[in-house]
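In order, the protein sequence lines correspond to chains A and B.
When the letters of the first sequence are read in order and numbered with the numbering used here, they come out as residues 1 to 326.
When the letters of the second sequence are read in order and numbered with the numbering used here, they come out as residues 1001 to 1189.
If you are wondering where the hints come from, they were derived from the structure by calculation, not from laboratory data.
Treat the hints loosely; a few may be bogus.
Computed cross-link-like contacts, DSS-like style, restricted to lysine-lysine with a CA-CA straight-line distance of at most 27 Å [what the hints assert, rightly or not]:
#	chain 1	residue 1	chain 2	residue 2
1	B	K1054	A	K99
2	B	K1057	B	K1104
3	B	K1152	B	K1014
4	B	K1054	B	K1108
5	B	K1054	B	K1014
6	B	K1047	B	K1014
7	B	K1155	B	K1108
8	B	K1047	B	K1152
9	B	K1054	A	K186
10	B	K1155	B	K1188
11	A	K99	B	K1057
12	B	K1108	B	K1152
13	B	K1155	A	K99
14	A	K186	B	K1108
15	B	K1188	B	K1108
Please read these numbers as outputs of a predicted model, since none were measured by experiment.
Residue strings, one per chain:
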Amino acid sequence: MSTFPASRTDSTAWRPTASLEILKLRARLLGRIRDWFAERGVLEVETPALSRFAATDPNIESLEVAGGGWLHTSPEFPMKRLLAAGCEDIYQFARVFRKGESGRRHNPEFTLLEWYRVGMGYQDLMDDVLDLCIAAGAGLRDWKTPRKLTYAQAMASVGVDSGRDSSPELAARLDAAGVDWPRSVKDDREALLDLILSTLVEPSFDPAQPTFVYDFPPAQAALATIRPDPVPVAERFELFLGGMELANGFGELTNASEQRQRFEQDCRRRAERGQPDIPADEFLLAALEHGLPACSGVALGFDRLVMVISGAPDLASALAFPSGRA
Amino acid sequence: MASYSTNEFRSGLKILLDGDPCAIVENEFVKPGKGQAFNRVRIRNLKTGRVLDKTFKSGESVEAADVLDQEMQYLYADGEFWHFMLPDTFEQHAADAAAVGEAKEWLKEQDMCTVTLWNNSPLAVMPPNFVELEIVETDPGLKGDTAQGGVKPAKLATGAVVRVPLFIEQGEVVRVDTRTGEYVSRVKD
């Protein structure tokens, strides 16, 4: 009996995981999307993948390059510098990298389609995102009339009061639903809300209906502007389709001093959690000080869009070579 | 003590959970775009066979279980233990009824089996996918009846009962798929 390990899988690991049909679909969707932007006068741009700065967001880990610098996790900062320099509406297909994100719907290297609309509010940008998805999927996949609900409404639909419920109450909700949760997050309200969103809210959405969740709690603002309502909310939205998160958009934060405070807050949280120190993007801060026009921006997972339109069961089926074969 | 980070999770990985050795059956990475990441993992307890779902915060570490699959030759049973041997070192291991489980129906002396060792003692035994065993008891064969459909029970040397075609005779050796317990073919010398 042979004792060579896993020889059967090794001998086919050179092959792509996506079918030829899906590889052709990818190319076709790239073309359709470029046409869609060209019709609307949105300029295609390219920005560096390797930078001296990186994302400070404690929930995103950048890959550091041995020769110096970091691989970008999103093209957001340099694209905002272009907006500040006077570019009007812009878009980019960017290969981005996120350390440790690997799973059925994640690959550490993936393609983000990111675009910005100057003078457009985040509510109108949701319609823009929907238009693009419909144009991309035309004749290939039909979707139901979209649904829009606030983050608070989405949480209420699974019996959670996102503004008031305490950590023990959130944990009890997970227990009642039979979802195991790690004891290390028992006092971490944000982590418990994230787990509820992933395990209870997201699976409750109709996969055939584009579903927008908007107006997130300020603690989850990321780079969105916070609207000073009686109960302040972040002008942020997410699109769910095909049973997963497809896009994340912001009414963009344009205030330089608030951006600086958020970077500092991120760095403090990273230090508390023992995460690596990240150099905050000074170029972005300088661009914001110069002046960023009012705008909204969104990042859409292109590989996931291919997955949703083709009906592929996992991200690997939408990629020629996922990380295990790269 | 060795440990695995959630980044290393994949199906088949053996970890220690509440003191019991477990195997990861399925690993799902979940993360809201701007939120915290978790690994939702389906785990089989290798001692009890029970399957459970567990959630880890991504980046956390879990102790590795010192579990090893080894190809061993089955030697004999003494009524209490089943004895196996590593062919290259002649090192022997005795497995109890709990470890052998349903595999006992398929164990033929000198066959190679996969024995899962935990802290160097047998935890589970997997018979080969195909075994060749003699029929010790079955109704008389119907000569010339090779038509499809007709089957009858036959008792094998190990005590297992499989369904065989009507033309198979007592004393014949048959090939059986241990994963399904189904007759595959007769074995001619």
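Hints, verified against the model:
no.	hint	verdict
1	K1054(B) <-> K99(A)	holds (23 Å)
2	K1057(B) <-> K1104(B)	violated (40 Å)
3	K1152(B) <-> K1014(B)	violated (41 Å)
4	K1054(B) <-> K1108(B)	violated (38 Å)
5	K1054(B) <-> K1014(B)	holds (14 Å)
6	K1047(B) <-> K1014(B)	holds (12 Å)
7	K1155(B) <-> K1108(B)	holds (14 Å)
8	K1047(B) <-> K1152(B)	violated (36 Å)
9	K1054(B) <-> K186(A)	holds (15 Å)
10	K1155(B) <-> K1188(B)	holds (18 Å)
11	K99(A) <-> K1057(B)	holds (15 Å)
12	K1108(B) <-> K1152(B)	holds (23 Å)
13	K1155(B) <-> K99(A)	violated (57 Å)
14	K186(A) <-> K1108(B)	violated (52 Å)
15	K1188(B) <-> K1108(B)	holds (18 Å)
Hint compliance for this structure: hints 2, 3, 4, 8, 13, 14 are broken, all remaining hints hold.
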